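J.: Those protein sequences? They're chains A and B, same order as listed. Just so we're aligned: 209 in my numbering is position 209 of the first sequence, and the numbers increase by one with no gaps anywhere. Just so we're aligned: 185 in my numbering is position 185 of the second sequence, and the numbers increase by one with no gaps anywhere.
Think of the hints as simulated: they come from the structure by calculation, not from any bench. Keep in mind that a hint or two might mislead.
For chains that are exact copies, the list does not tell them apart, and a pair is met inside one copy or across any two.
[Stated by the list, open to error] Each computed DSSO-like pair below joins lysine-lysine, with the alpha-carbon atoms no more than 30 Å apart:
(1) K258 with K153
(2) K24 with K56
(3) K258 with K105
(4) K24 with K258
(5) K105 with K273
(6) K25 with K56
(7) K56 with K184
(8) K273 with K104
(9) K56 with K105
(10) K258 with K104
Computed from a predicted structure; not experimentally measured.
There are 2 protein chains.
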Amino acid sequence: MLYVIGLGLGDERDITLRGLEAVKKCDKVYMEAYTSLLSFGLSSNGLSTLEDLYGKPITIADREMVEEGADIFLSEARHSNVAFLVVGDPFGATTHTDLVVRAKKEGIQVIAIHNASVMNAVGVCGLQLYRYGETVSIPFFTDTWRPDSFYEKIQRNRSLELHTLCLLDIRVKEPSLESLCRGKKIYEPPKYMTIPTAIEQLLEVEQMRRESAYSPDTACVGFARLGSEDQMIVAGSMRELLEIDFGAPLHCLVIAGKTHPVEEEMLDFYSLKNNFAE
Amino acid sequence: MLYVIGLGLGDERDITLRGLEAVKKCDKVYMEAYTSLLSFGLSSNGLSTLEDLYGKPITIADREMVEEGADIFLSEARHSNVAFLVVGDPFGATTHTDLVVRAKKEGIQVIAIHNASVMNAVGVCGLQLYRYGETVSIPFFTDTWRPDSFYEKIQRNRSLELHTLCLLDIRVKEPSLESLCRGKKIYEPPKYMTIPTAIEQLLEVEQMRRESAYSPDTACVGFARLGSEDQMIVAGSMRELLEIDFGAPLHCLVIAGKTHPVEEEMLDFYSLKNNFAE
Chain A
1 MLYVIGLGLG DERDITLRGL EAVKKCDKVY MEAYTSLLSF GLSSNGLSTL
51 EDLYGKPITI ADREMVEEGA DIFLSEARHS NVAFLVVGDP FGATTHTDLV
101 VRAKKEGIQV IAIHNASVMN AVGVCGLQLY RYGETVSIPF FTDTWRPDSF
151 YEKIQRNRSL ELHTLCLLDI RVKEPSLESL CRGKKIYEPP KYMTIPTAIE
201 QLLEVEQMRR ESAYSPDTAC VGFARLGSED QMIVAGSMRE LLEIDFGAPL
251 HCLVIAGKTH PVEEEMLDFY SLKNNFAE
Chain B
1 MLYVIGLGLG DERDITLRGL EAVKKCDKVY MEAYTSLLSF GLSSNGLSTL
51 EDLYGKPITI ADREMVEEGA DIFLSEARHS NVAFLVVGDP FGATTHTDLV
101 VRAKKEGIQV IAIHNASVMN AVGVCGLQLY RYGETVSIPF FTDTWRPDSF
151 YEKIQRNRSL ELHTLCLLDI RVKEPSLESL CRGKKIYEPP KYMTIPTAIE
201 QLLEVEQMRR ESAYSPDTAC VGFARLGSED QMIVAGSMRE LLEIDFGAPL
251 HCLVIAGKTH PVEEEMLDFY SLKNNFAE
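Make a model of the complete structure from these sequences and hints.
T.: Set out below in C-alpha cells:
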C-alpha cells in the first residue's frame, strides 16, 4: 500500500489526523525534497521535528530519486505500507502523479490524503478562488533563455477579468553547467524566485511586448511563506511590491483581475498602509 | 481572537494538528452548517464525533446565523478565543470572507487554518490543477429560472483547452415558497445536485445554444464524497456518467479540456471499465 500524504503548507503541525495515523502505520517513510527542506525543520544531519512527531526515520527523496529510483519504494509498497510525504497537497506537482500512475499500473493500492496547497490557500487574501483563470509559472530568466509564455495567459485572464496565480521558480539540486561539461554532477545551491524578481521579469516582458496585459500599476498580492505562522501577505501595485523585502522563501504572486467590493475590502487589510502600520 | 479553521473534506480526522490545537484553546466553537451536516456525524440531537474529539460542545451556525447573527460571535471573539469551523478550506465560500472582513474591521485578530478544499482535491483524478480555467456553478433549474451563464465560461475554457470544475448546487434551509406566502418560514428539505442532474442541465443548454461548447461525448470526471473513505471517482463521457448512480452527496463534476498523456494515464484508472472491474 502506498500512502501519498499531503503535509500542508506551514510546519509539522499541518498534517491531518488522518495523515498522521497513516504515517504511523507505515514501515517506511519517504519525503519529497523538492520544497520540503524549507519549512519542515529537516536537515540532512540531525533528527527533524517530523521524525520526532512520527517516531520513525524519514528518507529524503529528491527529484532524481522520485523520477529515477521509484522502483525501490514501489517494490517496498508491494509488500508493506509505505508513506510518501508531499508538501501541500499530493497532486500539486506532476512528479507525484507519475509516481501514482506507476504504482497503480503495478497493482499497488494507492491512498491519497489531501491537505491545503498554494492553489487554494491563496484564497486567504480575499480574491475569490472561483474567479481565477489558468495558473502560470514564472521561470528564472537567464542570459540566453527568457521564455515568456506566461504573458499571453495573464493577458487572457485579465481580459476575462480573472485573477492569475503565478507560481515562482524553484531550482533545487540543479547540476551546474560547468560541472556537467566536466562530466561530474556538482549541484548549484538551491534558488527560489522572490516576488520582486518575478515582477521585474513580468515588467521586462511587458516592455518588450507592449500589449498592456498589465502595467506597474496593476494590483497584485504577494505571498511569502503562505500558511506558516510568519506568513507575509501584501497587496499593492507591481511598482509597490517591487520595493518590498518579503524575506525567506517560498514566494508566490497573484495578479488581480477585476475585483468585487468584498474582495476589495479584504485586500485592503493587506495593503501597504495596513501591513506596515501594525 | 477568531480562528477560522478548515476541517478538510472527509470526516473528523481530516482536521490538522494545528487546527485541533486551536479548537482546544477556544472557549466557544461554532460550525457552519451549510455543508457540514453531511459528513461530520453531526445531528441536531446527540453528541457528534466532532464534539467527542474536541471535548467541548459545538454550536451549529446556519447560513442565516452567519449572515445575520454574526454580532454574537464577533462580540465573543473580542474577549475570548472563538473557533469557526468550516468544511474544506476557510476561504472556499464568500460567506466566510464576509465574516472575516467584519471581524477585522472591528479590530479582532483572525487566524485562518487551511485545509484541503474541493478546489485542490479534484487534482486526485490526474487532471493537472494549473490547467483549469474559471470555475463554474451549476444552479438547480426551476420551471421559471434557468440561468446558464456557466455555458460561456465552459465554452471559453474548452476553447483554451482548459479543464472546468463545476460546483453543483446545494440548497440547505431554503424557506419554501408556499411558506413564505403564508408569512411563516418553513424550510424545504436539503437538496444536493447530483452529477446526472448537472449533466442533464448542461446538455439541455447545449441543445438550446448549439454552439458545441461540449457534447454528450465530452470527457468528464464525476466525483462523489471527494476526500472521504467511500469517495467515488468515475471518468467517462457525459453520456456515460449520466447513467451512473454516484450515491450520497456531495457531488462535483470536471469537464476535461485537452488532456496530456500523463493526465490520460491517470484518468484511465478511473474509467468506467476499471471502476467497476474492482
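J.: With reference to the structure, classify each hint as holding or not holding.
T.: Tested hints:
1. When the C-alpha separation of K258 and K153 is checked against a cutoff of 30 Å, the pair qualifies both within a copy, at 16 Å, and between copies, at 16 Å.
2. Taking the shortest Cα distances, K24 and K56 sit within 30 Å of each other both inside one copy (8 Å) and across copies (27 Å).
3. In this assembly of identical chains, the alpha carbons of K258 and K105 lie at most 30 Å apart only when taken from different copies (23 Å versus 44 Å within one copy).
4. Within a single copy, K24 and K258 get their C-alpha atoms no closer than 46 Å, and across copies no closer than 39 Å, so neither meets the 30 Å cut-off.
5. When the C-alpha separation of K105 and K273 is checked against a cutoff of 30 Å, the pair qualifies only between copies, where the shortest distance is 15 Å, while the shortest distance within a copy is 54 Å.
6. Taking the shortest Cα distances, K25 and K56 sit within 30 Å of each other both inside one copy (11 Å) and across copies (29 Å).
7. For the identical chains of this complex, K56 and K184 are neighbours neither inside a copy (34 Å) nor across copies (60 Å), given an alpha-carbon limit of 30 Å.
8. For a Cα distance limit of 30 Å, the shortest separation of K273 from K104 across copies, 15 Å, qualifies, whereas the shortest one inside one copy, 51 Å, does not.
9. In the homo-oligomer, the alpha carbons of K56 and K105 lie at most 30 Å apart inside one protomer (29 Å), although the nearest pairing across protomers, at 45 Å, exceeds that limit.
10. In this assembly of identical chains, K258 and K104 lie within 30 Å of each other by CA distance solely across copies; the values are 23 Å between and 42 Å within a copy.
Of the numbered hints given earlier, the model fails hints 4, 7; all others are met.
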